[in-house]
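Residue numbers (my numbering), protein chains in the order written: chain A, 1 to 247; chain B, 248 to 494; chain C, 495 to 777; chain D, 778 to 1060.
Since the hints were made in silico from the structure, they are not lab data.
Since we're looking at a predicted model, the values are computed, not measured.
Every residue gets a Cβ at the ideal spot worked out from N, C-alpha and C, and that includes glycine.
One should not assume that every hint holds.
What the hints assert, rightly or not - In silico SDA-like pairs for lysine to any residue, Cα to Cα no more than 20 Å straight-line:
#1 K917/D / E641/C
#2 K370/B / R424/B
#3 K370/B / G346/B
#4 K370/B / R294/B
#5 K686/C / A440/B
#6 K634/C / E859/D
#7 K106/A / K123/A
#8 K139/A / G590/C
#9 K686/C / D419/B
#10 K106/A / E641/C
#11 K353/B / L905/D
#12 K634/C / G926/D
#13 K106/A / G590/C
#14 K370/B / R402/B
#15 K106/A / K686/C
#16 K917/D / R294/B
#17 K1030/D / E859/D
#18 K917/D / N638/C
#19 K370/B / A440/B
#20 K353/B / G926/D
#21 K353/B / K917/D
#22 K386/B / R403/B
#23 K106/A / E752/C
#24 K353/B / N921/D
#25 K386/B / L905/D
#26 K386/B / Q321/B
As the list claims (entries may be wrong) - Anything over 10 Å on all C-beta distances counts as not near chain C; from chain A, calculated:
#27 E67
#28 G152
#29 T188
The lines below spell out each chain.
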Amino acid sequence: MTDWRPEELLICRLADALAGDRHVAVGAASPIPGAAALLAQEEAPRRMHVTVLHSRRYNHFTDGGRELFDCAGQGRIDTFFLGGVQIDGQANINLVGTGDYPTLTKRFPGSFGSAFMYFAVPKVILFREEHSPRTLVEKVDFVSAPGCSPEGTWRRGGPTLLVTSLAVFAFDGARRRFALESLHPGVTAETVAERTGFAFDRPAEVPTTAAPEPARLERLRRTIAPKVAEFYPVFAERVFGVTEPAA
Amino acid sequence: MTDWRPEELLICRLADALAGDRHVAVGAASPIPGAAALLAQEEAPRRMHVTVLHSRRYNHFTDGGRELFDCAGQGRIDTFFLGGVQIDGQANINLVGTGDYPTLTKRFPGSFGSAFMYFAVPKVILFREEHSPRTLVEKVDFVSAPGCSPEGTWRRGGPTLLVTSLAVFAFDGARRRFALESLHPGVTAETVAERTGFAFDRPAEVPTTAAPEPARLERLRRTIAPKVAEFYPVFAERVFGVTEPAA
Amino acid sequence: MAMTAFAPISLEALAEAIPDGALLAVPPDYGGVAMAATVALLRRGTGGLRLYCLPYSTLQADLLIGTGAVAEVEAAAITLGEQGLAPRFSAAVEGGRLTMRDSTCPALHAALQAAEKGVPFMPLRGLLGSDILANRPDWKVIDNPFEAGDPIVLLPAVVPDVALFHAPRADAEGNVWIGRRRELATLAHAAKRTLVTVEEVVEGSFFESEGSAANALPALYVEAVAVAPRGAWPCACPGLYDADPAAIGDYAKAARDEAGFRDYLKRLLDGRIAPCVLEVEPA
Amino acid sequence: MAMTAFAPISLEALAEAIPDGALLAVPPDYGGVAMAATVALLRRGTGGLRLYCLPYSTLQADLLIGTGAVAEVEAAAITLGEQGLAPRFSAAVEGGRLTMRDSTCPALHAALQAAEKGVPFMPLRGLLGSDILANRPDWKVIDNPFEAGDPIVLLPAVVPDVALFHAPRADAEGNVWIGRRRELATLAHAAKRTLVTVEEVVEGSFFESEGSAANALPALYVEAVAVAPRGAWPCACPGLYDADPAAIGDYAKAARDEAGFRDYLKRLLDGRIAPCVLEVEPA
Chain A
1 MTDWRPEELL ICRLADALAG DRHVAVGAAS PIPGAAALLA QEEAPRRMHV TVLHSRRYNH
61 FTDGGRELFD CAGQGRIDTF FLGGVQIDGQ ANINLVGTGD YPTLTKRFPG SFGSAFMYFA
121 VPKVILFREE HSPRTLVEKV DFVSAPGCSP EGTWRRGGPT LLVTSLAVFA FDGARRRFAL
181 ESLHPGVTAE TVAERTGFAF DRPAEVPTTA APEPARLERL RRTIAPKVAE FYPVFAERVF
241 GVTEPAA
Chain B
248 MTDWRPEELL ICRLADALAG DRHVAVGAAS PIPGAAALLA QEEAPRRMHV TVLHSRRYNH
308 FTDGGRELFD CAGQGRIDTF FLGGVQIDGQ ANINLVGTGD YPTLTKRFPG SFGSAFMYFA
368 VPKVILFREE HSPRTLVEKV DFVSAPGCSP EGTWRRGGPT LLVTSLAVFA FDGARRRFAL
428 ESLHPGVTAE TVAERTGFAF DRPAEVPTTA APEPARLERL RRTIAPKVAE FYPVFAERVF
488 GVTEPAA
Chain C
495 MAMTAFAPIS LEALAEAIPD GALLAVPPDY GGVAMAATVA LLRRGTGGLR LYCLPYSTLQ
555 ADLLIGTGAV AEVEAAAITL GEQGLAPRFS AAVEGGRLTM RDSTCPALHA ALQAAEKGVP
615 FMPLRGLLGS DILANRPDWK VIDNPFEAGD PIVLLPAVVP DVALFHAPRA DAEGNVWIGR
675 RRELATLAHA AKRTLVTVEE VVEGSFFESE GSAANALPAL YVEAVAVAPR GAWPCACPGL
735 YDADPAAIGD YAKAARDEAG FRDYLKRLLD GRIAPCVLEV EPA
Chain D
778 MAMTAFAPIS LEALAEAIPD GALLAVPPDY GGVAMAATVA LLRRGTGGLR LYCLPYSTLQ
838 ADLLIGTGAV AEVEAAAITL GEQGLAPRFS AAVEGGRLTM RDSTCPALHA ALQAAEKGVP
898 FMPLRGLLGS DILANRPDWK VIDNPFEAGD PIVLLPAVVP DVALFHAPRA DAEGNVWIGR
958 RRELATLAHA AKRTLVTVEE VVEGSFFESE GSAANALPAL YVEAVAVAPR GAWPCACPGL
1018 YDADPAAIGD YAKAARDEAG FRDYLKRLLD GRIAPCVLEV EPA
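Could you put together the complete structure from these sequences and hints?
Right under this line is the structure:
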């Protein structure tokens, strides 16, 4: 029995990945990345900017909907989060649907800004809680944004990590391949292998994702949770039991 | 002896040229065109927008210094005014200086937005009070903006009129040539010919520029002058004796 | 007398001003969606619309698509956000009844900025190797003329026939308060005609102080304004009211299938679904 | 504790942060010229500056050029406006001591917008057949890839090393009030580093209300802020004070020749020419 919730583990792991960033941006419908960014900001030794698009308080853009993309184009966003209906072994992501384009079998909303952000932001963290052969596939049905690009293509960065409810993978852009980096407490490598539709590198010994330290959990629950309640009230109440946003 | 000032004649003549416009824009340091635009607005049978860049009250742009040019690029400005250190017989204008570029003999400020506005705005009125062989030349020393363009060049319009302290010329884009349209009261065609450095068409009978009607002068002095006093106080006082801007 | 006066028109007249087949540009849910005007448009009856979403749409697009009024959509996404997938959109695409021109947010912004600046195209980074690009024959990849061996995408300018959005207020001169929703300025700059609904028309001019002037879209860009209190409901009106997730949830539930959608639509057009008289069907 | 605090620096430290040889981008006289910072820069001593004027400059450029601190200017004009020609600029060009990259207003805006969007170039209409274009080997004319036989100019993106301007106020988080002077936002977005002087630093955050948020440049784009009351004088501070034509006229008169300029400069650097202690030499 643990004294932390799975969401808290994910938030802490994602926050670790943001250390040293000057500006982290989080898109819509991302409570866990949003909380991670605010936690990393709280723990940063120097000033760190956090933009949570879905928030009024943590969104200081004043140049309209294009500013996120312009800001990334300028190289002012160090880390961004992307997800996917499907993510494949080459880190291609699909937000459009499954089946044959254009009619598809199942149509999803669409690519949003991924086809640009994946190129413009140095570190992109892929985050998808559902870890199944349906979401982590060998090859996506539609490339909303490619994980890798040929030489000569303008690209500042790309995928660095894939974080799911079961494990953390690191992406090696040169080899175009994921490697299992850590297993969340209680998860076996066999479970991950079964539930992953793409091939990946697997070290002999896979470490366990570090459990959140008590002081950090305290910080998350006391200081960050009320902030998250401003923009994701339902999430904040469910995970942290917080009903009042920070003043 | 006339009961109007030369500036009032020019304002009324320029206002006539704006009839039917939906939006007239006036650049910096242009009190006479500015007054003409406001007079035309006052007399328009339908809503007419006037943008006087130099004014706070008659400038409703909110997208920064680029908005004048974007607005023209969209085709939303019907008439704009340009001047020139030199204007030549093909309606080329020079705002950069005289002599050989780049060191020049006499350097003037620069081209401002002319190299774009001359192409983007359907009607451009050239306005230069000084009418002399020094200002109206056969060929400009530097083309800040060309009066004519070859076939296939994107161009919405160009020069239509040249108004000076002596006369009004109409420009024929197809023939690339000015024609004397009217002489201000008291000015002879010979004087204009002497003081014009470029060749132009001259009808056998040159009409006289219409003197302002009394009712119109009244309107200009009572209603428009106080508006002009907001953005060109020195001009308004000198020409109209108005010292208090409109409330 | 100077003709600078401005008079709002009715919601019905505003809906009349949107022709069938128009390329209709609309903002996202956070930007002020003209929902009351959309209902007026549906009441009038419309068809063949081509929606241009800056950069995505929620309820507005799904509703218009569900009625069959939309021939084509260009967007980065159509979604009901936390209320789930946009059901009529998904069904129309899967049924082959809707041409979806998949795009990406910055491309939708940039193509309007090209129109705003009066240039025929804008370059955009990224996109190379995506199936978005592969399915957009109207976009071009060129070699960057300033650096050999550097491919880059060019997007043609998009000039919407009509831009339609909702804003908190207009002033007595017809200037529209858009606040920091600057994409609405680009929308209006780019479109041939801009139609706006507002919560209210206030006295005076936003240009009386610099602090309020910075919030204004000048009347110059606005063809007509209609007053529609709670006119963005159940979407948000930036700075005034948030979205109404329960009302959007009601739609999401009803629109799961064609019959439920038809029933919802009838009630909506009958005025039985509205900000102040929200009917909730028993579950 | 979260490190979101912000502390203004001194005017001297701000001037130190502008390296010799920098591509320094500045706004026009109506946009908030950092005159106090310019004086601090001249006191420190600087050289080799490349000025990028958005889109023109008045006193600031003429002063910097007069001291010999400027190697190159890119602008649509350098002028003292109603106070006449910019005398040190004209003399430097005529004497072959200054490289003037003549441009036109929308080109200066567009090249920064390219940098703002992270694209390598922007197209611009017009310019064809002008001697501006003929003297800009760094610009390219291509055939519009979307329509054969339609030549169009491409401008390479310009990324200034430093953007420097003056604004009415900053808030406690370091956000800067720019009002409707949106070119300042583009300037800051495009530049590698942005240095700002303000009249004052106020309590709270501009983001506490949407109405004031629309006036703000987010702290994200601002490297440092220094407080300089009347810091734009004798140019205008938009929304707070107008330009001081008499003071600019004094400069215009003094700077007619080199000796007069040197004398003016000495008095300026000695603090004898300043907003509150304006010395007027007997004619």
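Hint check results:
no. : hint             : in the structure
1   : K917/D / E641/C  : holds, 12 Å
2   : K370/B / R424/B  : holds, 16 Å
3   : K370/B / G346/B  : violated, 29 Å
4   : K370/B / R294/B  : holds, 19 Å
5   : K686/C / A440/B  : violated, 45 Å
6   : K634/C / E859/D  : violated, 47 Å
7   : K106/A / K123/A  : violated, 30 Å
8   : K139/A / G590/C  : violated, 24 Å
9   : K686/C / D419/B  : violated, 30 Å
10  : K106/A / E641/C  : violated, 41 Å
11  : K353/B / L905/D  : violated, 25 Å
12  : K634/C / G926/D  : holds, 17 Å
13  : K106/A / G590/C  : holds, 12 Å
14  : K370/B / R402/B  : holds, 11 Å
15  : K106/A / K686/C  : violated, 36 Å
16  : K917/D / R294/B  : violated, 41 Å
17  : K1030/D / E859/D : holds, 13 Å
18  : K917/D / N638/C  : holds, 11 Å
19  : K370/B / A440/B  : violated, 25 Å
20  : K353/B / G926/D  : violated, 38 Å
21  : K353/B / K917/D  : violated, 29 Å
22  : K386/B / R403/B  : violated, 24 Å
23  : K106/A / E752/C  : holds, 17 Å
24  : K353/B / N921/D  : violated, 37 Å
25  : K386/B / L905/D  : holds, 18 Å
26  : K386/B / Q321/B  : violated, 31 Å
27  : E67              : violated, 8 Å
28  : G152             : violated, 5 Å
29  : T188             : holds, 33 Å
Figure legend: structure checked against the earlier numbered hints; hints not met, in rising order: 3, 5, 6, 7, 8, 9, 10, 11, 15, 16, 19, 20, 21, 22, 24, 26, 27 and 28.
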